[in-house]
Amino acid sequence: MRYLEFEKPLREIESKIEQLEVYASSRDIDLSHEIQPLKDRLHSMVDEIFSQLTPWQRVQLARHPDRPYTMDYIRNFVEEFVELHGDRMFRDDLAIITGMGSIAGRSVAIVGHQKGRDTDENIRRNFGMPHPEGFRKARRMMEMADRHRLPIVCFIDSPGAFPGLGAEERGQHVAIAENLEIMSKLRVPIVCVVLGEGGSGGALAIGVGNRVLMLENAYYAVCTPEACAAIILKDRTKAATVAGTMRIVPNDLLNLGVIDEVIPEPIGGAHRNPGETAQNVKAGIVRHLDHLCALGEDELIEQRYKRFRDIGVFYEAETTGPALAGI
Amino acid sequence: MAWFRKKKKFTPIGAQKTDLPEGVWAKCPSCAEYVTNDDIRRNLHRCPKCDHYSVFPIEERIQHTLDDGSFEEFDSNLASKNPLDFDGYDKKLQSAKQKTGRHEACVAGRGTIHGYPVIFAALDFSFMGGSMGSVVGEKITRCAERAVNDELPLVVISTGGGGARMHEGTLSLMQMAKTSAAIGRMKQHGVPFISVIAHPTMGGVAASFAALGDVIIAEPGALIGFAGPRVIEQTIGQQLPKGFQRAEFLLDHGMIDMIIERPQVRETLKPLIHHMWYARIAARNEQRDQTGLSIAGRTA
Ligand SMILES: [Zn+2]
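Line by line, the protein sequences are chains A and B.
FYI, our numbering numbers position 37 of the first sequence as 37, with every residue one higher than the one before it.
FYI, our numbering numbers position 77 of the second sequence as 77, with every residue one higher than the one before it.
Quick caveat, the hints were computed from the structure, so don't treat them as lab data.
Only true hints are included.
If you want the footprint, here are the derived chain A segments under chain B, 3+ residues with CB under 8 Å: (1) 169 to 178; (2) 239 to 248; (3) 253 to 267; (4) 308 to 318.
Positions of the beta carbon are idealized from the N, C-alpha and C atoms, including for glycine.
With these hints in hand, go ahead and build the complete structure from the sequences.
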């Protein structure tokens, strides 16, 4: 287990518990009298640390190196998963996983960002930052799902679309825009879950769903807090401050109408209990799919269109500004 | 979202105002030659000496693109709030409003191009970099919906260097999906959308409606892309090749249909609008005539 700065108080006590447990089992002796008070203390510390997380701490949890990723959820609750590769145009982008499987007995198409667990895997998966071919791979899967009438489940967990030479050459902005358009027209139910990082256009490119759910310690933003701090405050180190201003945590986004539901994480965050987290995610997906699968194709398209159509805050001013009419 | 180096403006000599007063000499940021503001304006805000493009002020852009006196603006009263209570946003909006005299970075309306009625919108770079927040997203969406409803082609001229507006956070991001879905509806109805892209158009504007034109036209040298050049340089740790993310680069890579000099944009729109829409409308009306049905007046 790796520890974030604010989790560090837990490290000592957790390692002590572990040591005692190992010792007890190796000697076959009962140390529960010693261990239980430590566990109680651990729980109250976890409670204390995690009951009042700042937005920045949530961002850090969303990026926690031990946080479960798309493939972990697939392994946990998707049966008979078959992974499919490639965009049929350029290459197989491993920052995106696509495939088919079944969730609670219902066959679905799955599209998700995938980060790497270690450096090697991260290099292959480009830290979960897709190139255009990744978005086109996702698009291929979603169009196929539409043809075969498979509901689509999207797992969002990316710092953003990759900013690089090849990505721009191959039309990063075009690939994203086309996904936004195409997703809005699909005739099948789409449920998106923001698992960790909802980084800008790279997240949204697989995020145009009938429902958008979000784990409790995830964020969804127009750009990373670091980028926002760099641009708005001209100071990258102010990311922690700006993370609060940006309203990128689930409850804020629920109020703004950007997401539909917050999926609770076990106390201490998803990485402390991936199994329970996965079951919560599964329950959310199944419940919404049950509802959406009862709708007709036109209703699904209309509901999705309206869902995004209604997002935005503005007012109608009394004055119109200078008339540009007649020029 | 994406950010970019601000393109240098013509610097008026002895004047601090950004809009160039009459008869004042200015130094071209590209060739460093001195030219008068009148010459720049007459040349549609391109340097008469080196053809360097600067931002086309939105009033002049509309005036140049649409037939004289044909523009009828709508939704000009839509104005931004500060939904996130984002520090400094109110002030930014206030000063942008003062500077431009308008409520937001998008001007939308209806007009004609060589007599052909169209729905028309343009992004105003001088209003927070032509960035897209809730109002810009709403106006573009309404344009697309009007285009379907009124059966009129849509022309949008983007100068959206600011991308998705950070001050409205995830709401701005969502405008990308909203506008793209609205353009998608136009395509399903077969109503044409022509996207004209001027310098600079990045991030959330480039990666949504601007990239979805049935036809995409760019002005010479326009910077168009998803990530800002600085961000890419930082990521890859090297300098970008010359001409990277410029319109010519995008044309080479098949991302846009054509590069058109500013004075010819209007002329280029005419046959496109004709081929994609009015030729068909004329044929349809002729058929209706022959079958004795009355001609629909909506598109006249
Ligand atoms: Zn010049």
